[in-house]
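Chains as they are written, first to last, in numbering that gives the first Met the number 0: chain V, 0 to 311; chain L, 0 to 311; chain H, 0 to 311; chain X, 0 to 311.
A hint or two may mislead.
Any copy, or any two copies together, can satisfy a pair, since identical chains are not distinguished.
Derived PhoX-like pairs (lysine-lysine); straight-line CA-CA distance at most 20 Å [to be verified]:
1. K7 to K70
2. K7 to K139
3. K33 to K2
4. K9 to K70
The hints are simulated quantities; they were obtained by calculation from the structure and are not laboratory data.
Spelled out, the chains give:
There are 4 protein chains.
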Amino acid sequence: MQKVNDFKWKKGMTVSELVEGYTSIGFQSVEISKSADIILKMKKSGAKTFLTFTANMVTSGLRGFFSQIIKYRIPDVIVTAVGSIEEDIMKSMGEDFMLGQQKPDDIELYEKGMNRVGNLFIKNESYEKFEDKITFMLKKLYEKKKVWAVSEMIHEFGLMLNDEDSILYQASRNNIPIFCPAITDGALGFHLFMFQSEHPDFNVDVVKDFSNSLFSVTHDDKKGLIAVGGGVSKHYALLSCLLNGGIDYAVYITMSKSESGSLSGATTDEAKSWGKIKDDSDASTVVGEATVVFPLIMIKVLETLENEGLLK
Amino acid sequence: MQKVNDFKWKKGMTVSELVEGYTSIGFQSVEISKSADIILKMKKSGAKTFLTFTANMVTSGLRGFFSQIIKYRIPDVIVTAVGSIEEDIMKSMGEDFMLGQQKPDDIELYEKGMNRVGNLFIKNESYEKFEDKITFMLKKLYEKKKVWAVSEMIHEFGLMLNDEDSILYQASRNNIPIFCPAITDGALGFHLFMFQSEHPDFNVDVVKDFSNSLFSVTHDDKKGLIAVGGGVSKHYALLSCLLNGGIDYAVYITMSKSESGSLSGATTDEAKSWGKIKDDSDASTVVGEATVVFPLIMIKVLETLENEGLLK
Amino acid sequence: MQKVNDFKWKKGMTVSELVEGYTSIGFQSVEISKSADIILKMKKSGAKTFLTFTANMVTSGLRGFFSQIIKYRIPDVIVTAVGSIEEDIMKSMGEDFMLGQQKPDDIELYEKGMNRVGNLFIKNESYEKFEDKITFMLKKLYEKKKVWAVSEMIHEFGLMLNDEDSILYQASRNNIPIFCPAITDGALGFHLFMFQSEHPDFNVDVVKDFSNSLFSVTHDDKKGLIAVGGGVSKHYALLSCLLNGGIDYAVYITMSKSESGSLSGATTDEAKSWGKIKDDSDASTVVGEATVVFPLIMIKVLETLENEGLLK
Amino acid sequence: MQKVNDFKWKKGMTVSELVEGYTSIGFQSVEISKSADIILKMKKSGAKTFLTFTANMVTSGLRGFFSQIIKYRIPDVIVTAVGSIEEDIMKSMGEDFMLGQQKPDDIELYEKGMNRVGNLFIKNESYEKFEDKITFMLKKLYEKKKVWAVSEMIHEFGLMLNDEDSILYQASRNNIPIFCPAITDGALGFHLFMFQSEHPDFNVDVVKDFSNSLFSVTHDDKKGLIAVGGGVSKHYALLSCLLNGGIDYAVYITMSKSESGSLSGATTDEAKSWGKIKDDSDASTVVGEATVVFPLIMIKVLETLENEGLLK
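Put together the whole structure using the sequences plus the hints.
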């Protein structure tokens, strides 16, 4: 067992130095430094790396950080919610999201045409602009073919964007697939339905995309998972890995409680029983809010890879 | 404002009496009695009622209670995760799920072929039997037509079951649609993919099902939502209601925290800003674990409806 | 391992029947039925039973329920916070506490002279009336002797009250000591200070009360702990038991997370490492809000004892 | 309202730069940057600053960081639990605390003489050495006088230590009082009792210490509170401020939920209704684990004060 050491601040302390300090502080801070170590092992071992995140990450200012991580090809496969697709496109069109109080007057917000996600706000207007854009993009896709697997559709969206801070843009340019198992669970679902009403032979193939996800890795690959939040995205990545023999490295970031049997709160321990995480895997669960925790972990990873000449 | 009253036990106290006592105790107990009142208003006003729940509810012993509630036609529309479909079918085949400790040895469980969800366990064997059953059922469907909207497919599954305690059985017999926006996010996804491999013209239409969900209620209907847990199921129901003018009554049960901006932890307050819940709606959020909280709320509802001759 | 059973509602269902149903539902509901079983074992084995609770329980309508449990002599020793003493006395003077929304306008409340505890409210006026009462009671005590151990002082307070629903009243009449390790951490602290200013030889002896607590049980006694919430009260009870060889039976009710290393969130597992709970003990931790959970557990206990003729 | 900005990593990023980035990310990260700003205002306005923390902070490696903050005289008054006093003394004697897994075998730990606090471990041996030390120190105190207010006793302990990383050492040398309202709620309580048994005129005066706390600030002082975790320490500081007209600036760090009416989970909003925080105060609540969050906030504070020549 390791000793607990007295942590001390030094002037000009870097994020890397702080995360190194976390190593011997205890509680959740030590899980952060452990998570950085596991992701470094993941990358150095050449493991195929799944990154999953919930849509509120894209609502937040971490959207640019995710696109940066994708640009550096940290993930090989991405799974996310449809809200991420919608909001990344809005932001790439220059729409501003706003930041306010945690507990504002929600009825007033509604009357002002503001939609709240925690302490972040999206204007109705941004949804309206999204409608025009997505309809245009669907037309372009329809010209090519009628039935699209979800990840192929998202790949085309990314190619049509022109914003270096966009998650879709970076994923498409770096040939990293984005899976989105519940593609109709958002405004996009409505626009797909409207488009299909006018073009009855247009369709989205989720079963085909299951095989795309399944074959995005092989049984022989080492596999890693970085799950930011829970939900369908995390579960879908676990499933692809399970059907390919399980995961070797896993890092979970969650605010949920494991006591309710929810997947969001399930730790890397529970995943072992599913064969989802191999019994000899390196795994950590950080209980904390992702906008705070994820940059801490990933900056340590990026700095280390950069210092070792491994960041391309 | 209401007074806090000293709660007292009386011999033979019923659940209804306890929930009435909760009315003047405070904290979360008062949210439980308020939730029962809102659901009663929902039903008496003739509101179209959405019931959403996560798959772990079906893993638990509440599965029979959900089927009972459906039998009494409390919900008009159901939205759930694919795990619910899979596990309801397993249970209707007589497969037993087991109950153990909260923090068992997960590697040992894996070696024994047991999969853990919180303190509940599912045998690998149950998944194998499910495979045979679902393949048989998909063949039957394929004989009828090639492309299936998700809720239509689930309706057919329900008709092929023969278990009064089954959620699918009761929903199908009572013509209550079950939506499942992420239909491929589970073992069923794999079986659909295998079936499509052999029958390339077989497909699942999620865009079509979006319109089924959208048209399951109208703008003129009063609308209610009972959301047990969060995730895609809750969001999808909110979306259908939003596109039809918003919700009139809402009850959320959650263990998640609202501070992370996650949908699972979002309260009925946040939903107001989305126009998801109408500004004059009756809404409550209970912070608690659903296997404890949901029976308390619903037994009070059932007893009251029964006493007033409204339970059919 | 036990099987998960389909739970079903029956008309007129009692709380006892619900808690029996919880036995095979899973997640936190099974912890509730297990907790009732452990408390029954505690009482039937003749274990000395510690009951600890936080002050917000007395703010809530559970205050009458706690006094009822004390009347039936379920606990042998009580440990609580000073707020419990203050608010129990206010209520016994007929002061009403109010119940409102979870997230009201706190500045408006302040201007109205209302103090908020979650969704419960206490008037400034109630504190003013408390001041008169406590000053009167301290004078009476001072006439008897100058230096008081905390639990002896609280015992005298209880004897001066005349309210069957009072916790102090029932504890004093049934000779059940109430310990309060942080006696100055509230309005009472201020009144003790004012009284001492005028009567410099008046004092409160917390070190003496430590020995009262220590000798409230013996090494040979079987010992049980029912901890409603965390904090100093829970810790102090654990300490008394630890110094007497550890605990045999323990039930914890908490909403806190164990991941932060806080005592409030510490489970009965962690307590084993402290020898606080003996390694062969029967222990359960329920994650849930106490106003919901505690009545469920205790009603099952009371009904069972009543049915077996063990409730006196 | 402020815009959400795309956060980006730059090589060699400092903690200060990260916390500045948090300003426009959203959710809890923005609360961290806001908290640093509030503490800076607190210090620059000359507000008397209360720092409260739970004992597990001293168990962790943050103990050295707290002593550093005290050395820089960030707090003017400290309130903490008795465990903090005990463990700070153990560490100053050179006792090592260990770091292990979150969910180890607790019975095995007990048999090895290891006591667990989350993922940190304290040896029985450390408690034994503490006993010798504290008995020696109490003798020294007793030679001076017989009755000690708690904070005066702790001040003397600090003067007898010789460890720059010690919280008590730095507090004593910088004349910063440490209050500990539940002084008997730990091993120290037992040693005080043993000492009193042999020296019956020895006593600890908690009522006197209430006035020391009350007069540690005045009505005219601006007042600030940094509460790391909840419990008695937080409440006692709030009380001293309330009785002096309320608080001007407040920062709370907590993992608890506000929905249970617990003080630990109470936000700065609730405190407004108590007049505890003045209605025009600057206040923030960070939901997160303190070993992660507290260094982020305080490093930003220290760097800024240092850069502005305000750190002495």
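Consistency of the hints with the structure:
1. Proximity of K7 and K70 under a CA criterion of 20 Å is satisfied inter-copy only: 12 Å between copies versus 34 Å inside one chain copy.
2. In this assembly of identical chains, K7 and K139 lie within 20 Å of each other by CA distance neither inside one copy nor across copies; the values are 57 Å within and 32 Å between.
3. For the identical chains of this complex, K33 and K2 are intra-copy neighbours only, at 15 Å inside a copy versus 33 Å across copies, given an alpha-carbon limit of 20 Å.
4. With identical chains, the CA atoms of K9 and K70 are at most 20 Å apart between copies only, with a shortest distance of 14 Å across copies and 32 Å within one.
Consistency with the previously given hints fails for number 2 only.
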